[in-house]
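Trainee: In case you want the letters, here they are:
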Amino acid sequence: MSDEHARAAPPPRKLKLATVSLAGCFGCHTSFLDIDERLLPLLERIEFDRSPLTDIKHCGPCDIGLVEGGVCNAENVEVLREFRAHCRVLVALGACAVNGGLPAQRNNIALGELLQEVYRTGHGLAAGSRIPDDPELPLLLNQVHPVHEVVRIDYFLPGCPPSADAIWDFLNALIEGRAPTLGPGLLQYD
Amino acid sequence: MAAATLETLLGRHGHDGTRLVQILREVQDALGWLAPETLTAIAHAIDRPRAQVESSAGFYSFFHTRPLGDYRILFSDNITDRMLGSQALLRRLCERLWLEPGRVSEDGLVSVDTTSCTGMCDQGPALLANYRAITRLTPQRIDHMARLIRRRVPVSDWPREWFRVEDNIRRRDVLLGNGLAPGEALAAALERAPTALLDEIERSALRGRGGAGFGSDIKWRACRAARGDAHYVVCNADEGEPGTFKDRVLLAGFFDLVVDGMCIAGFAIGASQGFIYLRGEYRHLLDLLETRLAERRAAGLLGRDILGRGFDFDIAIHLGAGAYVCGEESALIESLEGKPGKPRIRPPFPVTHGYLGQPTTVNNVETLALAALIAVRGGEWFRTIGTASSTGTKLLSVSGDVARPGVYEFPFGVTVAAVLEAAGAQDTQAVTTAGAAGPCLTAEAFGRRIAFEDVATGGSLMVFDASRDMFEVARNFINFFAHESCGLCTPCRVGTAVNARLMDKLARGRGSPCDLEEMEKLHQLMQHASHCGLGSTATIALRDMLARFRPAFERRLRSPDFAPDFAPAFDLDAALSQARGMTGRSDPGAHLGDETSATGALRAGEEPR
Numbered sequence: 001m002s003d004e005h006a007r008a009a010p011p012p013r014k015l016k017l018a019t020v021s022l023a024g025c026f027g028c029h030t031s032f033l034d035i036d037e038r039l040l041p042l043l044e045r046i047e048f049d050r051s052p053l054t055d056i057k058h059c060g061p062c063d064i065g066l067v068e069g070g071v072c073n074a075e076n077v078e079v080l081r082e083f084r085a086h087c088r089v090l091v092a093l094g095a096c097a098v099n100g101g102l103p104a105q106r107n108n109i110a111l112g113e114l115l116q117e118v119y120r121t122g123h124g125l126a127a128g129s130r131i132p133d134d135p136e137l138p139l140l141l142n143q144v145h146p147v148h149e150v151v152r153i154d155y156f157l158p159g160c161p162p163s164a165d166a167i168w169d170f171l172n173a174l175i176e177g178r179a180p181t182l183g184p185g186l187l188q189y190d
Numbered sequence: 191m192a193a194a195t196l197e198t199l200l201g202r203h204g205h206d207g208t209r210l211v212q213i214l215r216e217v218q219d220a221l222g223w224l225a226p227e228t229l230t231a232i233a234h235a236i237d238r239p240r241a242q243v244e245s246s247a248g249f250y251s252f253f254h255t256r257p258l259g260d261y262r263i264l265f266s267d268n269i270t271d272r273m274l275g276s277q278a279l280l281r282r283l284c285e286r287l288w289l290e291p292g293r294v295s296e297d298g299l300v301s302v303d304t305t306s307c308t309g310m311c312d313q314g315p316a317l318l319a320n321y322r323a324i325t326r327l328t329p330q331r332i333d334h335m336a337r338l339i340r341r342r343v344p345v346s347d348w349p350r351e352w353f354r355v356e357d358n359i360r361r362r363d364v365l366l367g368n369g370l371a372p373g374e375a376l377a378a379a380l381e382r383a384p385t386a387l388l389d390e391i392e393r394s395a396l397r398g399r400g401g402a403g404f405g406s407d408i409k410w411r412a413c414r415a416a417r418g419d420a421h422y423v424v425c426n427a428d429e430g431e432p433g434t435f436k437d438r439v440l441l442a443g444f445f446d447l448v449v450d451g452m453c454i455a456g457f458a459i460g461a462s463q464g465f466i467y468l469r470g471e472y473r474h475l476l477d478l479l480e481t482r483l484a485e486r487r488a489a490g491l492l493g494r495d496i497l498g499r500g501f502d503f504d505i506a507i508h509l510g511a512g513a514y515v516c517g518e519e520s521a522l523i524e525s526l527e528g529k530p531g532k533p534r535i536r537p538p539f540p541v542t543h544g545y546l547g548q549p550t551t552v553n554n555v556e557t558l559a560l561a562a563l564i565a566v567r568g569g570e571w572f573r574t575i576g577t578a579s580s581t582g583t584k585l586l587s588v589s590g591d592v593a594r595p596g597v598y599e600f601p602f603g604v605t606v607a608a609v610l611e612a613a614g615a616q617d618t619q620a621v622t623t624a625g626a627a628g629p630c631l632t633a634e635a636f637g638r639r640i641a642f643e644d645v646a647t648g649g650s651l652m653v654f655d656a657s658r659d660m661f662e663v664a665r666n667f668i669n670f671f672a673h674e675s676c677g678l679c680t681p682c683r684v685g686t687a688v689n690a691r692l693m694d695k696l697a698r699g700r701g702s703p704c705d706l707e708e709m710e711k712l713h714q715l716m717q718h719a720s721h722c723g724l725g726s727t728a729t730i731a732l733r734d735m736l737a738r739f740r741p742a743f744e745r746r747l748r749s750p751d752f753a754p755d756f757a758p759a760f761d762l763d764a765a766l767s768q769a770r771g772m773t774g775r776s777d778p779g780a781h782l783g784d785e786t787s788a789t790g791a792l793r794a795g796e797e798p799r
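Each protein sequence line maps, in turn, to chains A and B.
For the first sequence, counting from 1, position 176 maps to 176 in the numbering used here; every step adds exactly one.
Whatever position you read off the second sequence (first residue = 1), add 190 for the numbering used here.
These are calculated hints, taken from the structure and not from any lab test.
Watch out, some of these pointers could steer you wrong.
With a cut-off of at most 25 Å between alpha-carbon atoms, the simulated DMTMM-like pairs for lysine to aspartate or glutamate come out as follows [as the list claims (entries may be wrong)]: (1) A:57 <-> B:219; (2) B:695 <-> B:708; (3) B:711 <-> A:154; (4) B:695 <-> A:78; (5) B:695 <-> B:710; (6) A:14 <-> A:37; (7) B:695 <-> B:784; (8) A:57 <-> A:34; (9) B:711 <-> B:744; (10) B:711 <-> A:36; (11) B:529 <-> B:777; (12) B:695 <-> A:149; (13) A:57 <-> B:784; (14) A:14 <-> A:34; (15) A:14 <-> A:165; (16) B:529 <-> B:504; (17) B:695 <-> A:55; (18) A:14 <-> A:75; (19) B:695 <-> B:617; (20) B:695 <-> B:643; (21) B:529 <-> B:495.
Keep in mind that this is a model prediction, so the values were computed, not measured.
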């Protein structure tokens, strides 16, 4: 009976994982790839959905979403909302997603002044340069926001970037159903 | 001129760096503000690094390192002041002076701002004018004040009536009705040996009145036993808990008993120097207290060879400068040493390593006065009052929605309901029993008793009747803690700020259930991870109010149609306004809706395929 039952049980479903970089530098994604050959066993447990690794353009229903970078423009907002709508567990990955990080340094300058300086009055601009207004380009938000100010976030994985070991440990915890914690060596202040 | 003033002041303090907080206050009094070159001169004169001087100058709310006007008007911003209309009065004064709150007028004449509770809750709304307390504000007083400021009449020439501070003693018991002559308690104490005196205190089972209820005899014995070059007694009169003012009344009307208590503590632990750390908001008491100390020295009740018994003990008064955290004993000691008032890591405790690293006992004003009373009447007598675990009486500062706000002395064990009745409270929906830092009780708990084993309190009871919006009470407390956090530890520095932002978000009607959960999580975190009592108690009232007045919070959530679980604190479409303006765009891509439709999104219970 138990043998028969075991045979009938489906193999554990692979978890679906989506990743994206918003106002980030892809450093967190690079750190993710630094798990190196551990990517192969990971692929036995998960399946990538939307991610720079798959080039899938829109996120389907997923178990885990990793979001790198803060929210600096209208497109970031839409992508982040798509992730929130489709991912059971949404993770702020790295310093920029958690706090706004480097891009948020512009928050002390009014956006108008900033655009003016960059496109109109700064050094080395071609004559007649103007602020781009093509509808194809997403508009900048007045300020750069950490992701948790725009949608609900379930986990925060700090670091600039979080180390490969931290990401590996974190994903394994989620896959195995443990509450993720960053143990000694995985959370560093420097 | 400035240099000469500075030199005189520094000379009076013996160029002693431990007196830095006092030096900064007096220099600011004389020169108006603490200019960079002033700080450099002070650093040089007391031989301390300039950064140290600047860090003390920057830490305290009452010090300013930029000019803030010849007239600095600070409205007490406790919830009890607000309930008496302080916010409208602040706006009125600003309008009369053509001024924005927080800004200095263009002619550099005046600035108007808020400050944490000034301890005048029984006679508010109150303010500080150049750090002098003015009580019982009315629209007429505000208009008059605006005229005086515009005519540049010095604060010292303003109507004396404005500066009158009432004691408002509503109920006397053994302490407030003691009838002892100055020095009588001290004389009785000096009849015994110090160890016999400690035995008497032990028999009384006296516990600290600041709120924590630590056994006074244990503290004194530990301090006496600790080895050091000198021992010190500190009277903690940094009465900063919002809603508390009983120490102000003790100092104003029963100062001799307090000083007797300090001398007795000094005798018991083997100290010859004591300090009174008086909160900056009570500046009006300073001259009076200094005069009384001088009179006692002249009468042989203080100083060398007290009462001809060979006991030397003197007292110096230190004035604080607007920092709630200095009520914590190790922060208070840091401040006494001239440093920013940041709590130390404990242990070691002050009884072994306190002021200048020496054994120090820090006691509340009321505790010291009671110790004096016990020295005369005896520990056995004291133990007959109150409950078995909380002996004696407790001074309660009662304010808010009551007919008779003021100080009530009740034996421990009195019910909250009895206090409310005595104060003439009607239709009471809530009482906070330990200021902003303690629990919030509702009617079903009014039968509970004021005692360390039941409702423990430092003595601040703020009463709220059914007309009050408890969300606004909670928000006032949360903003208070965000302002008063010393910034040393992350849980408190960040936690209090995050809480303040969440409350602002709710107040703007943009809250979501997530935010309420977040505040509950922060309560758990701050309570257990904060460095000192400020952080660990900063969310207790909020937790209680969230539990007992949840609808007051829930009615500020966004409609569930828009935000099932989370809503941002700001309008995302409005956040594109500057870029739209700069590019002149108005196409659909130049706008963000409230929430994108979640087509294909996961529904509850559904699994990704």
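Trainee: Determine for every hint whether it applies to the structure shown.
Mentor: Evaluation of the provided hints:
1. A:57 <-> B:219: violated (66 Å)
2. B:695 <-> B:708: holds (13 Å)
3. B:711 <-> A:154: holds (13 Å)
4. B:695 <-> A:78: Holds, because 22 Å separates the two Cα atoms, which is no more than 25 Å.
5. B:695 <-> B:710: holds (16 Å)
6. A:14 <-> A:37: Status holds; Cα separation ~19 Å.
7. B:695 <-> B:784: holds (16 Å)
8. A:57 <-> A:34: Cα-Cα ~24 Å, so holds.
9. B:711 <-> B:744: The given pair, whose Cα atoms are some 17 Å apart, holds under the 25 Å limit.
10. B:711 <-> A:36: violated (36 Å)
11. B:529 <-> B:777: violated (58 Å)
12. B:695 <-> A:149: holds (11 Å)
13. A:57 <-> B:784: Roughly 23 Å between the alpha carbons, so the hint for residue 57 of chain A and residue 784 of chain B holds.
14. A:14 <-> A:34: holds (22 Å)
15. A:14 <-> A:165: holds (21 Å)
16. B:529 <-> B:504: Cα-Cα ~23 Å, so holds.
17. B:695 <-> A:55: Violated, because 38 Å separates the two Cα atoms, which is more than 25 Å.
18. A:14 <-> A:75: violated (30 Å)
19. B:695 <-> B:617: violated (30 Å)
20. B:695 <-> B:643: violated (37 Å)
21. B:529 <-> B:495: With a Cα-Cα distance of about 33 Å, the restraint between residue 529 of chain B and residue 495 of chain B is violated, given a limit of 25 Å.
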